Structure formats: structure tokens, C-alpha cells
Amino acid sequence: MCTNLFRSIRQPERKMAAFGRFSQVLLRSSLTQTRRQLSAAAGHGEQSGKTWKILTFVVALPGVGVCMLNTFLKEQHHSHEQPEFVPYTHLRIRSKRFPWGDGNKSLFHNPHVNPLPDGYEGHE
Amino acid sequence: MAHQVHAYHMVDPSPWPLTGAVGALLLTSGLAIWMHFHNMTLLALGLILLLLTMYQWWRDIVREGTFQGHHTPPVQKGLRYGMILFITSEVFFFLGFFWAFYHSSLAPTPELGGCWPPTGITPLDPFEVPLLNTAVLLASGVTVTWAHHSIMEGHRKEAIQSLTLTILLGFYFTFLQAMEYYEAPFTIADGVYGSTFFVATGFHGLHVIIGSTFLAICLLRQVLYHFTSEHHFGFEAAAWYWHFVDVVWLFLYISIYWWGS
Numbered sequence: 001m002c003t004n005l006f007r008s009i010r011q012p013e014r015k016m017a018a019f020g021r022f023s024q025v026l027l028r029s030s031l032t033q034t035r036r037q038l039s040a041a042a043g044h045g046e047q048s049g050k051t052w053k054i055l056t057f058v059v060a061l062p063g064v065g066v067c068m069l070n071t072f073l074k075e076q077h078h079s080h081e082q083p084e085f086v087p088y089t090h091l092r093i094r095s096k097r098f099p100w101g102d103g104n105k106s107l108f109h110n111p112h113v114n115p116l117p118d119g120y121e122g123h124e
Numbered sequence: 125m126a127h128q129v130h131a132y133h134m135v136d137p138s139p140w141p142l143t144g145a146v147g148a149l150l151l152t153s154g155l156a157i158w159m160h161f162h163n164m165t166l167l168a169l170g171l172i173l174l175l176l177t178m179y180q181w182w183r184d185i186v187r188e189g190t191f192q193g194h195h196t197p198p199v200q201k202g203l204r205y206g207m208i209l210f211i212t213s214e215v216f217f218f219l220g221f222f223w224a225f226y227h228s229s230l231a232p233t234p235e236l237g238g239c240w241p242p243t244g245i246t247p248l249d250p251f252e253v254p255l256l257n258t259a260v261l262l263a264s265g266v267t268v269t270w271a272h273h274s275i276m277e278g279h280r281k282e283a284i285q286s287l288t289l290t291i292l293l294g295f296y297f298t299f300l301q302a303m304e305y306y307e308a309p310f311t312i313a314d315g316v317y318g319s320t321f322f323v324a325t326g327f328h329g330l331h332v333i334i335g336s337t338f339l340a341i342c343l344l345r346q347v348l349y350h351f352t353s354e355h356h357f358g359f360e361a362a363a364w365y366w367h368f369v370d371v372v373w374l375f376l377y378i379s380i381y382w383w384g385s
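In order, the protein sequences belong to chains A and B. If you're matching positions, the first sequence starts at 1 in the working numbering and goes up one per residue. If you're matching positions, the second sequence starts at 125 in the working numbering and goes up one per residue.
Treat the hints as calculated values from the structure; they're not laboratory data. There may be inaccurate statements among the hints.
DSS-like, lysine-lysine: derived pairs with alpha carbons at most 30 Å apart [what the hints assert, rightly or not]: (1) A/Lys53 <-> B/Lys281; (2) A/Lys53 <-> B/Lys201; (3) A/Lys74 <-> A/Lys105; (4) A/Lys50 <-> B/Lys201; (5) B/Lys281 <-> A/Lys50; (6) B/Lys201 <-> B/Lys281.
From the derived model, a few chain B residues whose C-beta atoms are all more than 12 Å from chain A [as the list claims (entries may be wrong)]: (7) Asp136; (8) Met159; (9) Met178; (10) Gln180; (11) Glu188; (12) Leu230; (13) Leu255; (14) Thr290; (15) Ala340.
Note that this is a predicted model, so its numbers are computed, not measured. Every residue gets a Cβ at the ideal spot worked out from N, C-alpha and C, and that includes glycine.
All chains, full assembly: derive it from the sequences and hints.
Structural data, given as C-alpha cells:
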């Protein structure tokens, strides 16, 4: 019975000790990282700057260019028709008027694609 | 000349914490007054006070660190901790909005049509402008890393080039996102879809603007020879913030734009 009691006390202590060791490792690794960061200038030499420059002009910026082309091409394929208006009650909510203008239009209101609660503007 | 027998910075008395607090109070109460009584006076006052505070407080920090030599290694370490803790708090800020999004989208209510996106909502195609935005931010992460190495290696001109490129990419993102906001067939008032979309992406956009501003200040300081190859914590803090902004976007893109469409 004595041994059982002793075991139940030791378990949480062991967990606490493990946590202490874990947090020590965490602090040490962040300190090492900081040291490594601060000594980066001394260690690296000319290499790293050049690497990231190459990555910029060979990978990053061409990647942006490809995505720009893709967006442009996809946009051309769009139909520019006005989406049909259905007066759903769960959309175009107006429990409080907007604090600008007539209080009925959102901040980025676009009359072509954003219908008001009773339909697109200009419709009777 | 006063001497201190320790490496820490005992900061001189400053009015900026007080003006900042008053500014924040005016901003928040001003926002409430504007929403309910359509008067912008308090809001404008709060905004001006806050902007003045930020400008003067951070100007003083630059003076203390760059020109008066108060930012010794232990002081710098404290500043690092501070920035890390701040960014951590921002992570939790965004976590709340992701929680809101997943709460509403994982079990869509009958009022929405029992589906996500809700009935009547046409989501944006994740493989058009949102994908371009992802490429833009990822590219800016590469360019800001190039800038960091340039500073560390003492390449002044390349540091200026890469930092400028980073800021331009940031502006491009903001421009694209503003266009998306205008062209979107849904608004913030379109139920919980609109709310979660615009609040989460809206706050992200605000952080992109803040991050771009931070980087722009760093560009100005780099041009003015403030940074050395060994000591440039202001830039590092801006770069960390920028990477955080990039990571938040990746989560937004995958959760709201892609999975949520």
C-alpha cells in the first residue's frame, strides 16, 4: 500500500520534470536560433543574398507573371451577364442602415453585380 | 555625461503612452458615436491623435536606438521578445475569425439553405485573382528575405532594390484585393457568408497595409544609413510581421477561398 501511494505522488512530479526539460529545450533552441541569427552576417559570406536574388527573378516573379496571365485569360472567358436576382431573406440584410450615403449600399457597392434588397438599381 | 553600470535602457519620461491611450479611447467611442449618431468628430480626433502618437513614439525609439546607442544586445533581446509576443497576440486575434468562419460553415443552418456556400451566394473563383494574390505574397516573402541577406552582407543597393520590390508587391496585393472587393457579387451584408468573408479578409488587408507601411519606413531608414550589417532589428521586426501576414493569407486562401467555395 505504501508503494502504491508513493507511485501516485511520483507520476505528476515526473510530468512536471518532463515539462521543465521540454521548456528548457524550447528556450535553448530559440536562444540558439537568436545567436545563429545574430551571427548570420559573420557566417554566411556572399552566398545567401545571391541565392535569394536568383530565387526572386527565376521563381517568385515569374510565378506572379504566370498567375497574372492565368487570371487575364480566365477573365476573358467569363460571361459578363448580371446574375439573376432572387429576393432571399437570408441575404442583403439591413438590420441597421450603413453610416454613409442613403444607408442602403455597402462600402464597395457595385451597381452591376450588387443588387439592393428589392433588386438591382434601375429596375422597376 | 551620465553613466550607468548596467546594459539596460531606462527610458526617459514620455507623453506618448498617455496620448496613445486617449487616442484609442476617442477612436473606439468615436466609432460607436459614428455608427449610432452619424457624427464623425470624435472618430477624426481619435485618428489624428493616434497617428501623431505613433509617429512621435516610434521616431523617439529610432533616436534612442540608432543615434543614442541605447539598444545594447540585452535591450535588443527584449525588443525581440516584445515583437514575438505581439505577433502571437495577433495570431490569436485572427484565430477568432477563423473560429467564426468554421463555426458557421461546417454546419450551415437551414436559413442558409443547409449548404455552404449558402444558397444565392456565388463565391469567387479561387484560381483567379485569389491565386494571383497568393503568388504575390509568396513572392514578397522571397524578396524580403533577399533584402535581409543584402543588409547582413552590406550590399546597400541590393537591399534598397529588394525592399522596394517587396513594398511594390505589397501594394499590388492591396490593389488587387480592392478590385476584388468592388467586383464581388456578394457584400458584407449577405448573411454570415458575407460577414465572415469580409471581416476576416478585411482585417487581413488592414494588416497588409500596416506591414507595407512598416517596410516603407525600413526602406527610408536603409536609405538614411540607419541599419548596419550587425544591427538592424527594426527591419527584422518588419520582416517577421510581413511573414506573419503572408501566413495568415495562406490560411485564409485555403479555408475561405478554396475549401469554402
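#### Entry: Hint consistency between A/Lys53 and B/Lys281 [alpha-carbon to alpha-carbon, up to 30 Å]
holds (13 Å)
### Query
Taking C-beta pairs only, is B/Asp136 more than 12 Å away from all of chain A?
Nearest chain A Cβ is 27 Å from B/Asp136, so the label holds.
### Verdict on B/Glu188 as a residue remote from chain A, using beta-carbon distances over 12 Å
Answer for B/Glu188: holds, closest chain A Cβ roughly 20 Å.
### Query
A/Lys50 and B/Lys201: Cα distance at most 30 Å?
Holds. A/Lys50 to B/Lys201 sits at ~28 Å (cutoff 30 Å).
### Task
Decide, holds or violated, for the assertion that all CB atoms of chain A are farther than 12 Å from the CB of B/Leu255.
Non-interface label fails for B/Leu255: nearest chain A Cβ at 6 Å, not farther than 12 Å.
### Query
Taking 30 Å as the top limit, are the C-alpha atoms of B/Lys281 and A/Lys50 close enough?
Within the cut-off at roughly 13 Å; holds.
#### Entry: Status of B/Ala340, Cβ more than 12 Å from any chain A Cβ
holds (19 Å)
### Query
Regarding the pair A/Lys74 and A/Lys105, is the alpha-carbon distance no greater than 30 Å?
With a Cα-Cα distance of about 29 Å, the restraint between A/Lys74 and A/Lys105 holds, given a limit of 30 Å.
#### Entry: Given as non-interface: B/Met159, partner chain A, CB spacing beyond 12 Å
violated (6 Å)
#### Entry: Given as non-interface: B/Met178, which should sit over 12 Å from chain A by C-beta
holds (24 Å)
### Message
Please verify that the nearest CB of chain A lies beyond 12 Å from B/Thr290's CB.
### Response
violated (10 Å)
### Message
Against the 30 Å threshold, does the CA-CA distance of B/Lys201 and B/Lys281 hold or violate the hint?
### Response
holds (28 Å)
The structure fails hints 8, 13, 14 (numbered hints given earlier, in ascending order).
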